[in-house]
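For reference, the chains in residue letters:
2 protein chains.
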Amino acid sequence: MHARTVFFVSDGTGITAETFGKAILAQFDIQFRFIRLPFIDTVDKAHQAVRQINHSGEIQGKRPIVFTTLVNTEVLEVIQKHCKGMLLDMFSTFVNPLEQELGVKSHHRVGRFSNVSRSREYAARIEAINYSLAHDDGQSNQDLADADVILVGVSRSGKTPTSLYLAMQYGIKAANYPLIPEDFERRQLPKALLPYRKKIFGLSIQPERLAEVRNERRPNSKYASLENCRYEVAEAEALMRREGIRWLSTTTKSIEEIATTILQEMQLERPAFS
Amino acid sequence: MHARTVFFVSDGTGITAETFGKAILAQFDIQFRFIRLPFIDTVDKAHQAVRQINHSGEIQGKRPIVFTTLVNTEVLEVIQKHCKGMLLDMFSTFVNPLEQELGVKSHHRVGRFSNVSRSREYAARIEAINYSLAHDDGQSNQDLADADVILVGVSRSGKTPTSLYLAMQYGIKAANYPLIPEDFERRQLPKALLPYRKKIFGLSIQPERLAEVRNERRPNSKYASLENCRYEVAEAEALMRREGIRWLSTTTKSIEEIATTILQEMQLERPAFS
Chain V
1 MHARTVFFVS
11 DGTGITAETF
21 GKAILAQFDI
31 QFRFIRLPFI
41 DTVDKAHQAV
51 RQINHSGEIQ
61 GKRPIVFTTL
71 VNTEVLEVIQ
81 KHCKGMLLDM
91 FSTFVNPLEQ
101 ELGVKSHHRV
111 GRFSNVSRSR
121 EYAARIEAIN
131 YSLAHDDGQS
141 NQDLADADVI
151 LVGVSRSGKT
161 PTSLYLAMQY
171 GIKAANYPLI
181 PEDFERRQLP
191 KALLPYRKKI
201 FGLSIQPERL
211 AEVRNERRPN
221 SKYASLENCR
231 YEVAEAEALM
241 RREGIRWLST
251 TTKSIEEIAT
261 TILQEMQLER
271 PAFS
Chain A
1 MHARTVFFVS
11 DGTGITAETF
21 GKAILAQFDI
31 QFRFIRLPFI
41 DTVDKAHQAV
51 RQINHSGEIQ
61 GKRPIVFTTL
71 VNTEVLEVIQ
81 KHCKGMLLDM
91 FSTFVNPLEQ
101 ELGVKSHHRV
111 GRFSNVSRSR
121 EYAARIEAIN
131 YSLAHDDGQS
141 NQDLADADVI
151 LVGVSRSGKT
161 PTSLYLAMQY
171 GIKAANYPLI
181 PEDFERRQLP
191 KALLPYRKKI
201 FGLSIQPERL
211 AEVRNERRPN
221 SKYASLENCR
231 YEVAEAEALM
241 RREGIRWLST
251 TTKSIEEIAT
261 TILQEMQLER
271 PAFS
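Residue numbers (the working numbering), protein chains in the order written: chain V, 1 to 274; chain A, 1 to 274.
Note that these hints are calculated values from the structure, not bench results.
Glycine included, C-beta positions come from ideal geometry on N, C-alpha and C.
There's no promise every hint is true.
[What the hints assert, rightly or not] Non-contacting residues of chain A with respect to chain V, defined by C-beta distances greater than 12 Å in every case (computed): (1) His107; (2) Arg187; (3) Pro219; (4) Ile245.
[Said to hold, decoys possible] Below, a sample of chain A positions facing chain V; criterion: calculated Cβ distance under 10 Å: (5) Gln27; (6) Leu98; (7) Arg109.
Given only the sequences and the hints, what does the whole structure look like? Please build it.
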C-alpha cells in the first residue's frame, strides 16, 4: 500500500505547519509521505500547488491530506475552491474564534506568520548563537559573566546540541564546559566557573548509553570503554552533588526536552522577549 | 491596559504549541504575555495548571487564552472541565477529523507528540550538528564529500546560523566556507571546494547591511567599512556568477526563510526522513 501523501501549504516557510502537522500525524500508525510547499503567496502559485496536490491524489487513488497556514485570503480561496485533498486550515480554525474573543480583526499580513526577521528578538538569537559557538566545550573563559546558563557534564553528555538549541530557539546565551578527569582529581569545578555557580546546570547520562555514543566516535578506546564511562559519570555526579548543582539525565531525552527542563529549572523563560 | 495572558499547555515540551500559537497571535496588534506549561502529564499537574490559569484570569479580569496540545485524555478532561480560560485544543481539533479520514484510531500516546528521541532521525540530527560544527567557517576540508550542502559567502553573510539550523532542524550536514579577499584575487573558489561544486550554495547580503553587522563586531575597522563591504560583496557575487553557483540575498530574510529556500533550490528535502 502506498503511504498517504501529506502537503503543508504556506505563504511563509511552512515550517510551523510542518512541525505541527507531523506531530499530529505521529499519533497514527500509518506511513506518510510529506511534501512541503513553501512561499505560496500568489494566486498563480496557488493554482500550481492545487495541480500538484490533485495530481498526487489521482495517482495514489487516495485524497492527500493538506495542512494549510495561509494568511492571504485570495490564495486560500483558490485552494478551498479547487483542491481535492482533505483541507486542514490551521490558520482560520484558530484566528476566527480569536478575532471574536479579542474583539479585533487580524492583519492577514503574510510573513508575520512564520517569523519576524529584522526584529530585536531576531538579533538576540543571532548574537546568542555566536556566543554559544564561541563558548562551546570550554573554548573561552571570556565573558562568562554574560552567559544566561553554563552547562557542564562529561564529554558526549549532550551539552553542545543543547547549548545551540537554547541559543537558536530562545536567544539564550548558553556556554558549555566539559567535566574532565582532572576536575575529578581536584574534586572541584573548573576554576573559571567558580564565580558563576548559580548559572551552572549539569547534564548527566547513563554510562551504558555514553559508552555507545563514544564508541561511535572512537571505537575500542579507553575513552569509550564502559569502565571509563562508569568512572567519569560517577565522579561527575558526585562532584555536582557536592557543589549543589542541579542536573538531569539526558539518556532518554530529546534536545527539546532537555532544553525545556533547563528553561523551567533555571527560570530562563523571558515573557518580555516574545 | 494589561497584556492578555496566553498559556501553552502540553504533556510534552509545549514547543510546538508555543511556536504555532505565537505565529497565530502575531496576526493581532495586541500585547500578549506568554506562559508555557510543559510536561503536564498527570491529573495532579492538570489541576495545578488550572489553578494557575484561573488565578491569572481573576487578577487580570480577562480570561486567558489557552492553547493545548494534550494527548492524554484524562489530563485534557480536567482542563476542559475546570479551566476558565478560552480553550483552543490544537490536538483534538485535527486528530478527530483525521481519525475519520484515515479510518483508524490515534494512539493518544504521550511524548510522541513533540518529539521522537531515540530514533534514527534523532541520531542523524545529532550527527549533522557535530558535522556542521566541525565544518564551520572552513575549519576543516576533511570529509567534505559527506556534506549535503556547502554554503559560501563573505564573512557575516549568515552562513553559520543557517548551517546550524539546517543540521538541527533537518539533520542536514551543512559545511560552510568563507569567501575571502584571497579568493577574489585568485578569481577562483577555494581549492578544497572545487570537487564539490554541485553542493555549493551561496549567501550574499547588501553591503549597507553587512557594514552594520560588521560594525557591531569590529567598530570602525577596515573590515567593517562600507567601502570594503561593497568590494567584498561585488567580488563574491561576480565569483559566484562566473562559477555558476546559485545564491540568494540574506538581507531581509530570517534563518528559517534562508534554510527553506536552500532546501528547495538544492532539492534537499528527504521524504524518507520523516
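Right, here's what the structure says about each hint:
1. His107: violated, 5 Å
2. Arg187: Holds, because the least Cβ-Cβ distance between A/Arg187 and chain V comes to about 31 Å, which exceeds 12 Å.
3. Pro219: It holds; A/Pro219 is separated from chain V by about 15 Å at its closest Cβ, greater than 12 Å.
4. Ile245: The claim holds: A/Ile245 sits with its nearest Cβ about 21 Å from chain V, beyond 12 Å.
5. Gln27: Since chain V brings a Cβ to about 4 Å from A/Gln27, closer than 10 Å, the hint holds.
6. Leu98: Cβ of A/Leu98 sits 7 Å from chain V, so the hint holds.
7. Arg109: Nearest chain V Cβ about 7 Å off; hint holds.
Violated hint for the displayed structure: number 1, the only one.
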